[in-house]
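Asker: As a plain string of letters, each chain reads:
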Amino acid sequence: MGRKLLLEHIDVPGIETFEVYRREGGYRSVEKALKTMSPQEVVEEVQKSALKGRGGAGFPTGMKWSFLAKPEGIPRYLVCNADESEPGTFKDRYLMEKIPHLLIEGMITSSYALGANTSHIYIRGEYMFVLDILEKAIAEAYEKGFLGKNILGSGYDLDLYVSPGGGAYICGEETALLESLEGKRGNPRMKPPFPAVKGLFGCPTVVNNVESIATVVPIINMGADEYLKIGTEKSSGTKLISASGNLVRPGVYEIELGLSVEEFIYGDEWCRGIANGKKIKACIPGGSSVPILPAHLITKTAAGETRYMSYESLSDGGFASGSMLGSGGFIVFDEDQCIVRNTWNFARFYAHESCGQCSPCREGTGWMEKVLYRLEHGQGNMRDIELLEQINKKIEGNTICPLGDAAAWPVAAAIRHFREEFEWHVTNPQEAQTRNYGLLKVTETL
Amino acid sequence: MVKVTIDDVVIEVEPGTTILNAARQAGGDIVPPAMCYYSKLEGSGGKCRTCLVEVAAGSEKDPRPMPKLVASCSTPVMDGMIVKNKTSERVHENRGAVTEFLLINHPLDCPVCDQAGECKLQDLAFDHGAAKTRYEEPRRKHEPVDIGNTIKLNQDRCILCYRCVYVGNQLCDSRVHGVMHRGEHAEISTYIENSVDNEFSGNMIDVCPVGALTDKTFRFKSRVWFLKPMNASCECTKCAGKAVVWMFGNQIYRVTVRKDEYDEVQMIDGKPAWICNECRYDKKDVSKWTIEEPLKLKRTSVISQGHYDKPNPLNDSTKNLK
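Just so you know, the protein sequences line up as chains F and C, in that order.
In terms of this note's numbering, the first sequence is residues 1 to 446.
In terms of this note's numbering, the second sequence is residues 1001 to 1322.
Rather than coming from a laboratory, the hints here were simulated on the basis of the structure.
Since the model is a prediction, treat every value here as computed from it, not as a measurement.
Among the hints, a few may not be true.
[To be verified] Simulated restraints, written as ranges between beta carbons of each label pair:
#1 C:Asn1194 to F:Glu31: 33 to 39 Å
#2 C:Asn1169 to F:Gly145: 20 to 26 Å
#3 F:Tyr373 to C:Pro1111: 28 to 34 Å
#4 F:Tyr161 to C:Val1009: 47 to 53 Å
Where a beta carbon is used, it is the ideal one built from N, C-alpha and C, also for glycine.
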């Protein structure tokens, strides 16, 4: 049984209300931080816990906090990035929908640590119903004196706002998020200056993922030393994984980092294997933008070692034979799925979501989508496969924000590991139009 | 002052200067091309990615190379930084790729485009473009539209450099146009039932690096290389009145701002010499201008080829021809 920190009380009826949440030990971290710790101590505690950002990039949260510029007389902001739009990732929604007070508690503790008196939760436009849940929870927290002026008599003031976005994936990029929050077009900004120096309204800002902020609560409650005991040496703590695809039991799971991938896919407590008794074909372990892994590299690394659900083990072997933990959007494909079609689908997503600001991403994502469309529909040729490889090499690293990389990686990895499938689509154009690769038995048309 | 090396040229610049501006201070051919950056427009740059350079050493203190190519227009120099522009194979490769990206949806209608001859994309394609396109898909198509009574927008040619948006923000009282949609559907457009009509809106035409925004009073009148550009000035209450008039015989075909060697508006008396719409569109009569001197052009410019009565001292070939 894995240890649960975030979802410990998720099944308690009425946990979304303040009373039940408080009864289950909620808001203890706020009391502990505000009454017994200085802001600097909270930052140090988080730094010590080696918490890595749960939004995808895995940048240490404590380090991010320590970069925050603290000029006199200028307000600082904490912004929670709840613009979770990565295909395959739905953990933040689950957290906010089921246990909204955990996020609010994390926001209060983190804002206190950073010295922010105004904090924002930027929520995805499609999560409008979650917005209502959060606003209700915030109203409760205000009523009970955990938000507003002079929280718990400590003299610390905090106002918390929830702002919905318009439903753009790009607004999950921190600078685009800030632009959007300021009421502008959600185009990523040039870096430097980084948000820690010049962020929201030109003031120092920290942008953190929902799960990162929620994880601050158990870290403060149990102390960093205790927290470090959970997980592996390099990846501490627990992580929410949103498993989807051809699994017997897809869903959101909280795992202790360091669980083996095999155990996660086939274990009784977790996903219970591949649905309909099929074989696994591929797996995307961290949301659509990370490289796909073929069957032989999922449970074992290229060196033959067991692969674990952790930052270091999943990225073992680099992009040649590894992937990334990313945001924890664990997508599993069975043998019936067509990788070309899936890659095209992802490329379509990125082409649609590119903000159109910088040329490699604007033109490149659209180009890849069109070439992949042709390949998938049996109108491609062998040249197109090389062309795709070249395009994504030119997008990667040349763009303003990581969306370009995110669009390029899955295509590059799919060609790297499933080249024969792309070639099959070229050599069998008639069949490619009517059925999936590898689906000899199934004859449903696409 | 910080010391920075760009392509083996060592220069000292103020701290906080960007790599591109440092290169421009040194001058010569180490200057990366810039399609979207415009030093007189605050916030511009970083979008086209043509000015990408390789940083071989970050600074004196931290001499590690930067893993990615950086946009030179927005990366400040550090003391001891070593930058590779034209000496870097990677930069050439990626600049070629960016050029290809900019051209895949470009209509390549230079034969009928008014910007031909003074188009930055033409220059870029000449330097870094490929001979043949690899793009087999249909190109984006838009009909040319009027975004004001004097400006025509050809969205097909637009490279979304956002320069005109910054002009709208920074020179005009209120901006009524911007970028709509996203990704490859992004386009310049005006707000509903609005048209660009402001004293200084004409400067959008001058900042546009391609033929997306063209002067309706000049469209299809003449090729720029048949005209003689002359520096001229006039009395104007709204602007400095320093402009370039483009003449054919005694007739003024069009009026533009004076541009420097990087195709940006010149600084006159410490201020960018933007011109007002009255100077640009209404003073098409020689009597309204004091003609000062012929415009000095780069030798490489197609406009420069022997169009003045006196032989161009730079261009010896004219002597031989006569």
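Asker: For F:Tyr373 and C:Pro1111, compare the CB-CB distance with the range 28 to 34 Å and indicate the outcome.
Answerer: At roughly 32 Å between Cβ atoms, C:Pro1111 and F:Tyr373 fall inside 28 to 34 Å, so the hint holds.
Asker: Is the hinted range of 47 to 53 Å satisfied by the C-beta distance from F:Tyr161 to C:Val1009?
Answerer: holds, 51 Å
Asker: Per the hint of 33 to 39 Å, is the separation of the Cβ atoms of C:Asn1194 and F:Glu31 within bounds?
Answerer: Taking Cβ atoms as reference, C:Asn1194 and F:Glu31 lie about 54 Å apart, which means the hint is violated.
Asker: Evaluate the given range 20 to 26 Å for the C-beta pair formed by C:Asn1169 and F:Gly145.
Answerer: Cβ of C:Asn1169 to Cβ of F:Gly145: about 44 Å, so the range 20 to 26 Å is violated.
Of the numbered hints stated above, those contradicted by the structure are hints 1, 2, listed in ascending order.
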